[in-house]
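A.B. asks: Here is how the chains run, residue by residue.
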Amino acid sequence: MATVTLKPIKTPELIFEGYSITPDNFAGKTAAQIADLPGHEGKILMRLGDFFEISGNAGETAADTNIVITGDCSRVKYIGARMTAGTVTVNGNADMYVGGWMKGGKVHIKGNMDSFCGIQMEGGELICDGDAKNHVGCAYRGDWRGMKGGTIRIRGSAGNDIGTFMLGGTIIIEKDAFIHVSTHAEGGTVIIKGDVEGRVGGQMVKGDMYVLGKIKFMMPGYQKVDTVEKEVDGVTYKLDHYIGDLGERHGKSKGQIVYANLYVPAAA
Amino acid sequence: MPKLIKGVGCPYCGSSCDDIEVLVSDDETKILEVHNACIIGTNLFHHANDPTRPKLPRMRQPDGSMKEVTYPEAIDWMAKTMLKAKKPLIYGFGSTNCEGMSAVARIAEKAGAVLDNCATICHGPSFLAIFDNGYPSCTLGEAKNRADVVVFWGCNPMHAHPRHTSRYSIFPRGYFTQKGQMQRTVLCIDPRETDTAKLADHHLMIDQGHDYELFDAFRTVLRGFDIPETVAGIPREKIKEAAEIMKKAKFCMIFFGMGCTHTDGRNHNIDAAISLTRDLNEHTKCSIMAMRGHYNIAGPGQVWSWQFGFPYCIDLTKGSHAHMNPGETSSVDLAMRDEVDCFVNVGTDAGAHFPIQAVQHLKKHPFIAIDPNFCMASEIADLHIPVRIAGVDEPGVVYRMDNVPIQFRAVIKGLPGVPSDEELFDMVYERMCELTNTQPVWLAAKADRKYPESPAVI
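Residue numbers (the numbering used here), protein chains in the order written: chain A, 1 to 268; chain B, 1001 to 1458.
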């Protein structure tokens, strides 16, 4: 495994689109070649070397390449977007589209992330030690095929639109979320360990949601069916099981209508 | 002898009334009387008579004052500023014609700019919902001739679209609705008792910001399931009663406004409304329409969707393709995140409509306002270029709120020497081509008109 280290040396005046910062683009390149990789600041075509001091050569393939960014990237978009293997670690914040469209590998952001992280994700792992803003693991505008696989774990809280149009994969938010969880989803699992303001599972067709804190405003289209014991992220809880969204269309499997499932802690 | 011009379009709200009559002076320079329009439309026409209307561009001087400059100077400054900027933002177009919108697109491509329109702070979320869920809509004519149940959700046409209710939605007598208001049941869903709510047969006073839950409750009831005792502050029985009214309608028409698009959830509220419309079509006929604000705010959506494939928030910085993702490429977000370094305000007033922090960020960089009148944006701008008023002294195509194109006419002669938006943008585009040593590209129609002696380029 080879490690490429990027040290931020300059804050972009606008925002730097660092779409080249992926193990796939770095693979097989020397530090000097990596510094020449493109990125945009507005309409100006820049080089990675304009904003980062790069040391270490990349491995032969993406899977052999680790990227470590040793500082703040709050004005760098698209870190780890579309990657298929390898790792990216950011010792600071990151801007939009972290791990967007990613198919494999691992991204670890030690600070906070902005919106659209893990958008249309298909595989791999995205971990954020801080907070994320809106549209975590969401679909791109107008696409009815959202996140298909992989895991997103946010150790802090998240904003609205989590897992919209989700088809598969897992999103774990360890603190609170605002509104719109799994809207329009047709699969996948969302676990929120804190409180949610409301709109959990609106227009949802299929899939699972676990909210271990409180839901302030429950969707009217959900009805309690039973109480179950379930393991959620390694811990077993006694949970009330709701089905919904009863206002939305639902498919059938073996003659039975398949609803989306919402689990909340059982009333004591 | 003053002349009475009939069949004039009104350049105010999204109703785009086209039955206005305007009495103009003999020499066609003064508007004397305006008939049929609402008070706002009437004032808009009379505004064109204002003798203090700017006739020359004004440039901010180092001491902070504004000084009049010539058009070629202003065009040169604008062209150079836009070419120099790394990411200019061109915003506005609520109140101009489609010709101007089409012309500005060439500048945006040349400058690698972000092109956005007032929908970004208005019905942009409706576009996102339409992308996600489709748009089972119709024309206002159908609403007038067929709708016997009209739902106003989060909108107040009595104030925002003063003639909407009399021309299209509540009072007019249509082909299947010959008894007019007597035949129509009006539902209003609004957290306040607006004048539209007072007019309605049923007012559902919803808790502010809970539209999504109420849409879901309607859908759940329509599928025969039970709902909690109260949803969004409205008792279950009232919701069931309203759902029954919509279900039993011959033709149900849902109009929605800012109350849905700019409360929590935004596009999801409209998304749910569209799903409800689809569900109602299992039982009866139902259609839905956005209450677009300005007379031609549907225009940029049409023109730019044709040119770039997206209606608003179009990022053209790459030069190779258009990228659109509101939240990232929307004007207010770009401004708040300091992502743009030049701002052009066209036919709207960002100074008045944007959050103050966004305006403060935009003001750090060159700020250009293109507007026929003085407005807040023109007063804080570094350069203000006056143009003719579309629909008053400049003709053009506009799209009504139901996306029906209407040819608006000019009723008076424009101020001498003042160009239209289209002419101004073409001149800026030509100057940008000169500065970059490139050949201007015109569509066949425009090339024929601009250079009648030489054949079309494309």
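Bear in mind the hints are in silico, worked out from the structure with no lab data behind them.
What you are looking at is a predicted structure, and each value in this text was computed from that prediction instead of being measured.
You may find that some hints are simply not true.
Claimed, not checked - Only some residues are given here: those of chain A computed to face chain B with a beta carbon under 7 Å:
id, residue
1, ILE9
2, GLY42
3, LEU45
4, MET46
5, ARG47
6, MET96
7, SER115
8, PRO220
9, LEU246
In this text, a Cβ means the ideal position worked out from N, Cα and C, and glycines have one as well.
A.B. asks: All hints, please: hold or fail.
C.D. replies: How the hints compare with the structure:
Against a cut-off of 7 Å between C-beta atoms, the interface hint on ILE9/A is violated, since the closest Cβ of chain B lies about 19 Å away. A distance limit of 7 Å between C-beta atoms decides the matter here; for GLY42/A the minimum to chain B is near 3 Å, and the interface restraint holds. With 7 Å as the threshold, the beta carbon of LEU45/A stays out of range of chain B, its nearest partner Cβ sitting at about 9 Å, so the hint is violated. Hint status for MET46/A relative to chain B: violated, with the closest Cβ pair at about 10 Å, above 7 Å.
Residue-level restraint check for ARG47/A is violated (minimum Cβ-Cβ distance to chain B is 15 Å; threshold 7 Å). Against a cut-off of 7 Å between C-beta atoms, the interface hint on MET96/A holds, since the closest Cβ of chain B lies about 6 Å away. Against a cut-off of 7 Å between C-beta atoms, the interface hint on SER115/A holds, since the closest Cβ of chain B lies about 6 Å away. The restraint placing PRO220/A at the interface with chain B holds, with a minimum CB-CB distance near 4 Å, inside the 7 Å limit.
Annotation: interface hint on LEU246/A holds; nearest CB of chain B at approximately 4 Å, less than 7 Å.
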